[in-house]
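**Student:** So you can see what is in the structure, the chains are spelled out below.
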Amino acid sequence: MSSRVSIVVVEPDRDKALQIVDSLRQAGDFDLHVIAEPTGLARQVKMHNPDVVLIDIENPSRDMLEELALASGPLERPVAMFVDRSEEGLSRAAIEAGVSAYVVDGMRPQRIKPILDAAIARFRMFQRMRTELAETKRALEERKVIDRAKGMLMKARGIDEDAAYALLRKTAMDQGRRVADVAQALVTAAGLLG
Amino acid sequence: MKDIQIPVGFIPLVDAAPLIVAQEMGFAAEERLSLELRRAPSWSSIRDMLRYGRVDAAHMLSPVPVAGALGLGGAGAPLCALSVLSVNGHTIGVSADLAERIRDQGHDFGFDDARAAGQALIAAAGGPLRVGVPFPFSMHAELVYYWLSSLGMAVQRDVTIHTVPPPLMADAMRSGEIDAFCVGEPWGSQAVETGVATLLLPGAAIWAFAPEKVLAARTDWAETETDLVGRLIRAVWRAGAWLARPESRTLAAEILSRPAYLDLPADLLERALSGRLVISGRGEERSVARFLEFHHGAANFPWRSQAEWIGTRMALRHGLDPVQAGRAARAVFRSDLYRAALARVSPALPGASSKVEGSLERDTHVASQSGKLILCRDTFFDGRFFEPASD
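So the sequences go chain by chain: A and B. Take my numbering: the last position of the first sequence gets the number 194, and nothing is skipped along the way. Take my numbering: the last position of the second sequence gets the number 1391, and nothing is skipped along the way.
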């Protein structure tokens, strides 16, 4: 049996998969496989017979791997979620970073740690990107709403853009709300009044 | 005084309703709580979120805390069930091809006779059967095993249970990965809508009163934050009572259909809430009494005997000692915390915390701590009882 640890990465996004593979390559000499297709996931994983399976916590197909944790035949290797076999801190870090790992029962903790460390670092980055994307989208939405509210105020009150923005800001401060929320309320109310 | 925020995980299913309604209809606010509802992508992730403290309570498959107590499925802090969120609510569906063969057996898809439906299914399959369920530790899996083995199928050999996330169930059937499924709503109805499945039975036809989802928490949190836990149990209990009123259905379906919750059409969700299901592409409709119960018949009471039934069934399949497993299982359904929370609110709490499961052939008045209590029919389709160990 080869002494190289074999790792299966379950990730439908090709770019992400490549990045994970890259970071794992830097962490050590592993035998790496990527599975992109969720159909028959448990079967595909079994075929590779890996020591470690890494999967995004957000991936709904993760439940399909739970059945691997139940060794049903004597020839099947029991798979445990890594949290069974590693330090508490490591499991928590992984969950917070958004990665779950399934590790073959009996694998030595010192061999698991570098793999998880690399995976955790990469997944943290993905999570940050996910948050950034959501935040950017929200900021853009808010910008649009604020612009519309400013336009309404300028028209209704015959003031210029700066004055309209100042008015929104002052109202927000007086009411202890965010400018975007005040703008949204104005746009909604205007919509209702037609 | 400010409301206390509790992060609560849920999976987008109709039976997450008590948690969503508790927050949206103000039952949480009445207890000075604010439920910060977090949608989770899978059962394993919601379990881990709870075990590692990302949420303090969660919508959970009733067998998951029991599996934890038996040492099955992952690690982390031990979990318990504070109350039962819902009873029943599953559908069993078969592929179009298998449905044709079942009709050829002369079965009428009456949707109420688990024995006839099961026998027709076994005959039509003529061999091994692949059944999709949402999670290895689920009432869905337990019901399928119970049903088919009681009908004489060699389940260990001839039934393969595949874990398929509910939203992917229809796809798995279309691609020929599974022949049948047992899933919670709205995913059975969704599979009918997309033309891949015909519904054969509601779960209630197998076990008339099967505890489906529980309100789960970490045991140490539940035992420390007793005041919060009491308020949470009460808020969710009131939401269940509200949901059980027929006039709440339309609004409940509307709330659940919002993008932050299920993000699916309200009319699809209403089928489960009303118990009127479209079972086939031909538009055949079936009405099921108590298809999904949120309140009546002490539905929310976490009976220790229910946990014991689940634990014993799991133990037999996984080669564990059933007596020990039954004992470990009983301890995770916290009827003690439930009683403490509802002592002054609920007009009727059961006198005992265990009952013979499957013994009530009709709704029955029983002894309670005060007032009147009616327990609902809870028979298994094969007429067997489950006698719990004595307290």
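Mixed in with the good hints there might be a few duds.
What follows is a set of in silico ranges between Cβ atoms, one per label pair, in the way DEER data are often shown [stated by the list, open to error]:
| id | chain 1 | residue 1 | chain 2 | residue 2 | range |
| --- | --- | --- | --- | --- | --- |
| 1 | A | E96 | B | R1327 | 45 to 53 Å |
| 2 | A | R4 | B | G1106 | 30 to 38 Å |
| 3 | B | D1220 | A | R128 | 54 to 62 Å |
| 4 | A | M129 | B | H1318 | 36 to 44 Å |
| 5 | B | A1340 | A | M129 | 51 to 59 Å |
| 6 | A | L192 | B | G1106 | 53 to 61 Å |
| 7 | B | Q1105 | A | E96 | 47 to 55 Å |
| 8 | B | R1276 | A | D31 | 31 to 39 Å |
| 9 | B | D1097 | A | E37 | 35 to 43 Å |
| 10 | B | H1318 | A | E96 | 29 to 37 Å |
| 11 | A | A36 | B | G1281 | 56 to 64 Å |
| 12 | A | E132 | B | D1220 | 31 to 39 Å |
| 13 | A | M129 | B | T1224 | 49 to 57 Å |
Pulled a few chain B residues facing chain A out of the computed Cβ check, cut under 10 Å [unchecked claim]:
| id | residue |
| --- | --- |
| 14 | R1054 |
| 15 | G1073 |
| 16 | G1106 |
| 17 | H1107 |
| 18 | F1109 |
| 19 | H1162 |
| 20 | E1247 |
| 21 | S1248 |
Over the 12 Å line for every Cβ pair with chain B, so calculated as not near, a few chain A residues [as the list claims (entries may be wrong)]:
| id | residue |
| --- | --- |
| 22 | T39 |
| 23 | G40 |
| 24 | H48 |
| 25 | L65 |
| 26 | S100 |
| 27 | T136 |
| 28 | A156 |
| 29 | Q175 |
| 30 | V179 |
Just so you know, the hints here were simulated from the structure itself, not pulled from any lab data. The structure presented is a predicted model; accordingly, all values stated were derived computationally and were not measured. A virtual CB, placed ideally from N, CA and C, is assigned to each residue, including glycine.
**Student:** Hints the structure violates: just list their numbers, smallest first.
**Tutor:** Hint check: 1, 2, 3, 5, 8, 9, 11, 13, 16, 17, 18, 20, 21, 22, 23, 25 and 26 fail, others pass.
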